[in-house]
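All residue numbers for the sequence shown refer to my numbering, where the first residue is 1 and numbers rise by one.
All the given hints hold, so there is nothing to weed out.
Think about it this way: if two alpha-carbon atoms lie no more than 20 Å apart in a straight line, the pair counts; the simulated DMTMM-like pairs of lysine to aspartate or glutamate are: (1) K310 <-> D100; (2) K310 <-> D262; (3) K205 <-> E269; (4) K310 <-> D105; (5) K310 <-> E269; (6) K310 <-> D99; (7) K205 <-> D262.
Quick caveat, the hints were computed from the structure, so don't treat them as lab data. These figures come from a predicted structure and were not determined experimentally.
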Amino acid sequence: MSEPAVVVGPEPARPDAPAPPARAPRRRRVPLGTRLRRDWQLLAMVAPGLGILLVFSYLPIAGNVIAFQDYNPYLGDNPWQAFTHSNWIGFGQFQLLFDDPAFWDAFRNTLAITAFQLVFFFPLPIVLAVMLHNLLSSRLRGLVQTIVYLPHFFSWVLVVTFFVAMFGGAGLLAQTMRDAGMQPWNVMTDPDTFIVLVTAEAVWKDVGWGTIVFLAALSTIDQSLYEAAAADGAGRWRRLWHITLPGLRPVIVLLLILRLGDALSVGFEQFLLQRDAVGRQAAEVLDTFVYHFSIATGNYGYGAAAGLFKAVVGLVLILAANRVAHLLGERGIYAKS
Numbered sequence: 001m002s003e004p005a006v007v008v009g010p011e012p013a014r015p016d017a018p019a020p021p022a023r024a025p026r027r028r029r030v031p032l033g034t035r036l037r038r039d040w041q042l043l044a045m046v047a048p049g050l051g052i053l054l055v056f057s058y059l060p061i062a063g064n065v066i067a068f069q070d071y072n073p074y075l076g077d078n079p080w081q082a083f084t085h086s087n088w089i090g091f092g093q094f095q096l097l098f099d100d101p102a103f104w105d106a107f108r109n110t111l112a113i114t115a116f117q118l119v120f121f122f123p124l125p126i127v128l129a130v131m132l133h134n135l136l137s138s139r140l141r142g143l144v145q146t147i148v149y150l151p152h153f154f155s156w157v158l159v160v161t162f163f164v165a166m167f168g169g170a171g172l173l174a175q176t177m178r179d180a181g182m183q184p185w186n187v188m189t190d191p192d193t194f195i196v197l198v199t200a201e202a203v204w205k206d207v208g209w210g211t212i213v214f215l216a217a218l219s220t221i222d223q224s225l226y227e228a229a230a231a232d233g234a235g236r237w238r239r240l241w242h243i244t245l246p247g248l249r250p251v252i253v254l255l256l257i258l259r260l261g262d263a264l265s266v267g268f269e270q271f272l273l274q275r276d277a278v279g280r281q282a283a284e285v286l287d288t289f290v291y292h293f294s295i296a297t298g299n300y301g302y303g304a305a306a307g308l309f310k311a312v313v314g315l316v317l318i319l320a321a322n323r324v325a326h327l328l329g330e331r332g333i334y335a336k337s
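Just need the whole structure built from these sequences, with the hints factored in.
Below is the structure:
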């Protein structure tokens, strides 16, 4: 006689068995029309800024095409006709550019000024922000911030005029040296110290403004960390090294990467105003080179080639710096998800 079949059912759940992980509910995608109707106030608020960015930053990129032309703005009745009638010369403008000694002089000056300011200017807003953050009196902190922020709103014409009045041949420093029986030193016309002069002008004008980002970063550091470190016997310098600087490190790396990406743009008006006083060999940078050798002469394709070269070098620098930041464990300006 055959045995009855045994039906195997699901094993009863053990009371101590862990529950299976809950599956996250899928988010239903909101239609585009619904999002536009929901957020139209925010979109209207950012529309003017996006329009300015589009008109003054993205549309001019299309003009780089004339770097590959012998562009003549007088060949037609409008810029489009001038573009269509201009001859294509490929990399001819770049060949002329790289064979020009004046371009390499401007390139070397730009790199030298950038490197000098990275060493002697970039750390100063960090130092000033830490000093302001440690001031106990809020009234004194507000007064100092107002004083150091104010020069940022001065034009470069006013800044250079102020330095001429202080350090020029007839300025306060020269007059004081004459009264003391010493030979006056005209700082404003000395090409050997021009790099120090322009860095000092930039520091006086923008060091206070540069502290804003670092002060905002300092305000996000948990104050309980300082209290716990002080309770453990950590002094002021140890708290600065182990709490303040690590808290500022992401912001420092981000701004350093952005500064390297803009390494070939050290300024225009500041150098244009002082170029004749110290000479082209000391004061010519890439921005003034484009003005004098392209815009002033009507050779727009030549200037577009120089501008495109500067943009490509800046892109390479910012990508390389961001890669180094990733290798050091920092997020940088972007990170792969």
